[in-house]
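One letter stands for each residue in the lines below.
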Amino acid sequence: MSFPIVEFDPEVSQSLLHEVMEQSGQNLQACYQCRRCAAGCPVGEETGVSPDRLIRMILLGEKEEVLNNQLVWKCLACYTCGTRCPNGIQTAKITETLKQMCKQAGLAPAAPKIDAFHHSFMSATSHFGRFNELEFMGLYEMENTREAIKRGDWKAIAKEMKDQAKLGLTMIKKKRMHMGLEKVKKMSEVKGLYNKAKARSKDR
Amino acid sequence: MEIAYYRGCSLHASSNLYDIQIKAVFGRLGLELKEIEDWNCCGATSAAKTDEFLAVALPARNLGIADASGLPEIVIPCSSCYSRLLVSQKKLAEDPALHETINAQLEKKVLGKIKVSSILEVLVPEVQAEGFAGMASKKLDGLKPACYYGCLLTRFPGNVKVPDNVENPQGIETVCRAVGAQPLDWSYKTDCCGAAAVINNTGTSLQLMSRIMKDAIARGANCFVTTCPMCQFNLDAYQDQVGEKYGIKERLPIYFLTELLGIAMGISPELLQLDRHFTDALGLLKELKLL
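These protein sequences, in sequence, are chains A and B.
Numbering follows our numbering, in which position 202 of the first sequence is assigned residue number 202; successive positions increment by one, without gaps.
Numbering follows our numbering, in which position 198 of the second sequence is assigned residue number 198; successive positions increment by one, without gaps.
Everything labelled a hint here was simulated from the structure, so no lab data went into it.
Hints may contain errors.
Straight-line C-alpha distance at most 27 Å; calculated DSSO-like pairs for lysine-lysine [what the hints assert, rightly or not]: (1) A:Lys-186 x A:Lys-202; (2) B:Lys-34 x A:Lys-183; (3) B:Lys-34 x A:Lys-175; (4) B:Lys-144 x A:Lys-186.
Looking at chain B on its own, in the form it has when it is part of the complex:
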C-alpha cells in the first residue's frame, strides 16, 4: 500500500536516522512511503507564535501538494509537523475566506481530502493485524520502557479530534506490547520536555526533563520510547546535563519507536543507526541479549 509521507526538516537533518528507520520498518510492513515533492517547513511553533497567517499558510502549501498526490493518507512522524498540518487542514475547513485567500497563492490547491495521520495511527493497526507476529519474531523481553508522547501528539490549539486518550494515550504502549516489551504506567507521558526552549530558555527545559526522568526511573523504567524527534533529541542530548544538575545518576536510552520495531523485526542495529544516540542505546539491548 502507498502512503504519502511528509518527513519535515528535523528528519532531514539531526534526526535523519529516524527517517532511515521509518523507511526500513514500513518496508517490512509492506507500506510504501511516497515523499511529497518540494515540501516546505511547516513553521512549527515559531510561526504560531509570530504570525497567525503563516501558521496556517506554510502547512497549507504541503497539504496542497499532498492532496495533488491523489493518495488517501499522509503519515507525518514528527509531532510538531503533524500537529501543524492537521490544525491547518481543520482551520481551512472552518474558514472558507482564509481557504480561498491561501489557495489563491498556491499552485497546488488545498482540497482538504487527504487524511493526516501520526505515525501511531499507521503503526497501531499494523501491529494488531493478523500476521504481524510472524514479521516481528524477536520478543523484546526485559525492556521496560516509559512511553513518552510529549505535547503535540494529543493536544492541539483547536478543536481537533484526537485518535487516542488525551491524558493517558496508549498507542506507543500497544506497539511495545506487540513486540514483547513491558511498558510501565507512569505520570509524565504527556508532559512537556521544553522542546525548542532547550535552546532559548535552557534552565526551564532542563527542569522539565528532570521531572520526566525522575518519574520514569522511580517507576523502574530502563529506557524511554518516543515518536517525536524533538522529545528524542532533548532527552538524549541533554540527559547528562539534566543528570548533573538534578543529581540523577541513571542514564536511560531514548529509543525511537521504530528502533524497537526494527530490532524485533531483526533489522540490524547498524542499519537502524543506533550508534548515533547521545546516550548509549546499544548497551541495554546487549545486556538483555536482544542484539
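Just chain A, same shape as in the assembly:
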C-alpha cells in the first residue's frame, strides 16, 4: 500500500505558476531552494512561510495555501530576499502579486489590519494627492473598527483605541503632530493617474 507524500497536478500547478510569473515578472522556476532568502526574511519565522516555501507552494500548485497565508500580507517589502537571491528572484514582488490575486478572487485577506492599512493609505493620498497623517489614521481606524465589529472583537477595538490615543498624545506633546492639511494644487492630474490605474486593472 502506498500513500502520496505530495499531491501534484501538473495542470493546476502550471496555470498558477504562469499567472504568478507573468504578473510578478519573476522567474520562479529558477529557484533551487538554497534558502538564502529564508535566512534573511524578517517575518519568515513568525509567519511559518519563508520566501523559498512560498515559491515551492506555487510550483506545486497549492493555490489555496498560496493565496491564504500570513507571509503574503506580513511581507514588509524590505527586499532582503530579492537582494540576496543568487537567481535574482524578488519574492516581495511575488507577495505583491498574490495580494492582488487574493483580492481579485474575492478572498478575505489573511491579515485584515494590513489590508486596511494599505487601502486607507491609497485612499488618503487619492483625496489630496499627499499623505496627511491625521486623515489617514481616521480612515484606517474606521476601516479597522468596522472589520473588528463584524468579528465582534471588542477587546481589539479597545486596545487599538488606547494604543493610538497614547501615541497621539505623545506626538502632540513632542510637537510631532501636524494639524495642517497638505494638498496638491493640480489634483485633476493626480486623479487622472488613479482613474487610469482603475481602468487598467479592469482590463486585466
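Here the structure of chain A is known, so what remains is to put chain B in place on it, guided by the hints.
Relative to chain A, chain B alone:
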C-alpha cells in the same frame, strides 16, 4: 550650487524637524535646495502593494516636475520616497510603452534626465571635500553611534545600481567620522524596523526593533544615527514599548544624521529642534559636553 529637493509627506508632517535641519546644514555647505513645485505623495510601500501602475505613475509625476526644473540633481532624504522615485525612473527607462502611457497623463513629462540622489550621495562627497573641516569645527568626541540604514537605502525591488555596499554600507559612518564621532561595527545596520508595520502589525515591528536595539547596545553604542524618517520615528517613538516588552533598560537617542552635522557646525539645538525627540536626545550631548 542649486539642487532640486523632494521632501515628501513625512518631512512635511511628523518629521518636519528633519526638513528644518536639512535646510540649515545644506545652507552651511553652500547648497541651495529648490523644492519642486506642487509635488505629490510617492505612494510609498502601499502603492507597490496594491497597484503596480500607481507605484510607477505617482513617483513619475514628481520626476516630470523635477525634470522640468532643469536642475541636474534631485536630493530625496526619505528612504522610501528615494527608493520609489529611483525605481520609477528606472522602470520607465526600461519600458517605453509604460513611459508613453504615463507621460500622456502628465503635463510635465518624464525625461529621465535628472539624477536621483539620496541624502548620503550628496553629503558624503561634501564631508570629504577640502575645507569641510573648517565648516565643522566641533569634534563629536565620545559619540559612539550605531549607524542605521534600514531597508530602502540599499535594497530595491529592481535592478538598481547601489552607490554603497549593499550589505555593509559605509556612507553614514563616513559622515560620522568626518565630524569626529566613533561609529561602531554592528550587524543590524540594514535590518528592517518594520516601518509602517508598527501601526498595522505592531508585535512584529517591536520584535524587529528589539533585535536592532539589543545588538547596538551589546556593541557599546550610545546612540543611533539614521537618515530615514520612518526608522527614526519608529525607534524613537516606540523605544519605551520595545524596552518594556523585551527587558531592555537602556534608552538611546535616535539622531538624524543632520543633527550630528548641525551640532558639529555649531548650529544651535533649538534651531535643530532636538527637543522634539520622543527619547531624550539632549542629555547625551550635554553629558559629553558637546552642547
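Is Lys-144 (chain B) within 27 Å of Lys-186 (chain A), Cα to Cα? Violated. Lys-144 (chain B) to Lys-186 (chain A) sits at ~46 Å, over the 27 Å cutoff.
Pair hint Lys-34 (chain B) and Lys-175 (chain A), alpha-carbon separation not exceeding 27 Å: Between Lys-34 (chain B) and Lys-175 (chain A) the Cα gap is close to 26 Å, so the pair holds against 27 Å.
Holds or violated: Lys-186 (chain A) and Lys-202 (chain A), Cα atoms, limit 27 Å. With Cα atoms ~26 Å apart, Lys-186 (chain A) and Lys-202 (chain A) stay inside 27 Å; holds.
Lys-34 (chain B) and Lys-183 (chain A): Cα distance at most 27 Å? It holds: about 19 Å lies between the C-alpha atoms, which stays within 27 Å.
Checked against the numbered hints above, the structure violates only hint 4.
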